[in-house]
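For the record, in the sequence shown the residue sitting at position 26 is 26 according to this note's numbering, with numbers rising by one throughout.
None of these hints come from the bench; they were simulated from the model.
Accuracy of the hints is not assured; some may be wrong.
Derived Cβ-Cβ restraints for the label pairs, each shown as a range [unchecked claim]:
id : residue 1 : residue 2 : range
1  : Pro-8     : His-96    : 37 to 47 angstroms
2  : Arg-93    : Lys-21    : 31 to 41 angstroms
3  : Phe-20    : Pro-72    : 32 to 42 angstroms
Dumping the calculated DSSO-like pairs for lysine-lysine here, alpha-carbon to alpha-carbon at most 27 angstroms [unchecked claim]:
id : residue 1 : residue 2
4  : Lys-21    : Lys-94
5  : Lys-11    : Lys-50
6  : Lys-28    : Lys-94
7  : Lys-21    : Lys-84
8  : Lys-84    : Lys-28
9  : Lys-84    : Lys-94
10 : Lys-11    : Lys-28
11 : Lys-50    : Lys-25
12 : Lys-94    : Lys-50
13 : Lys-25    : Lys-11
14 : Lys-21    : Lys-11
15 : Lys-50    : Lys-21
16 : Lys-50    : Lys-28
Ideal Cβ positions, reconstructed from N, Cα and C, are used throughout, including at glycine.
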Amino acid sequence: MIEIPLTPDLKNVARRLIWFKEPNKALKDPYTFLAHVMTYGTLEDVLVVKRTLGLAAFQEALEHMPPGIMDPQSWSYWHLITGKSPVPPMPARKIH
């Protein structure tokens, strides 16, 4: 599991993208945080995260993506960027 350091830059990204949670709490859920970055983040947000965590964090996040955050375009884009092919089906919410 990815461990995200509580740096000022990452807190700023979390504050902007996951405005409904405290940044420290948002960063403690790395896959949800990365899903938001990969879907709603600006180029600058992505570069801040990549500089801190590396491309491998994005690859790992794709394998553990929570359902309901990413859109199909972002899902396909990030699989292309990380070299994962073919693109698998998007994660789906399970209704019990």
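Checked hints:
{"no.": "1", "hint": "Pro-8 x His-96: 37 to 47 angstroms", "verdict": "holds, 40 angstroms"}
{"no.": "2", "hint": "Arg-93 x Lys-21: 31 to 41 angstroms", "verdict": "violated, 20 angstroms"}
{"no.": "3", "hint": "Phe-20 x Pro-72: 32 to 42 angstroms", "verdict": "violated, 24 angstroms"}
{"no.": "4", "hint": "Lys-21 x Lys-94", "verdict": "holds, 24 angstroms"}
{"no.": "5", "hint": "Lys-11 x Lys-50", "verdict": "holds, 14 angstroms"}
{"no.": "6", "hint": "Lys-28 x Lys-94", "verdict": "holds, 23 angstroms"}
{"no.": "7", "hint": "Lys-21 x Lys-84", "verdict": "violated, 31 angstroms"}
{"no.": "8", "hint": "Lys-84 x Lys-28", "verdict": "holds, 26 angstroms"}
{"no.": "9", "hint": "Lys-84 x Lys-94", "verdict": "holds, 24 angstroms"}
{"no.": "10", "hint": "Lys-11 x Lys-28", "verdict": "holds, 11 angstroms"}
{"no.": "11", "hint": "Lys-50 x Lys-25", "verdict": "holds, 20 angstroms"}
{"no.": "12", "hint": "Lys-94 x Lys-50", "verdict": "violated, 31 angstroms"}
{"no.": "13", "hint": "Lys-25 x Lys-11", "verdict": "holds, 10 angstroms"}
{"no.": "14", "hint": "Lys-21 x Lys-11", "verdict": "holds, 11 angstroms"}
{"no.": "15", "hint": "Lys-50 x Lys-21", "verdict": "holds, 22 angstroms"}
{"no.": "16", "hint": "Lys-50 x Lys-28", "verdict": "holds, 17 angstroms"}
Hints 2, 3, 7 and 12 from the list above are not met by this structure, while the remaining hints are.
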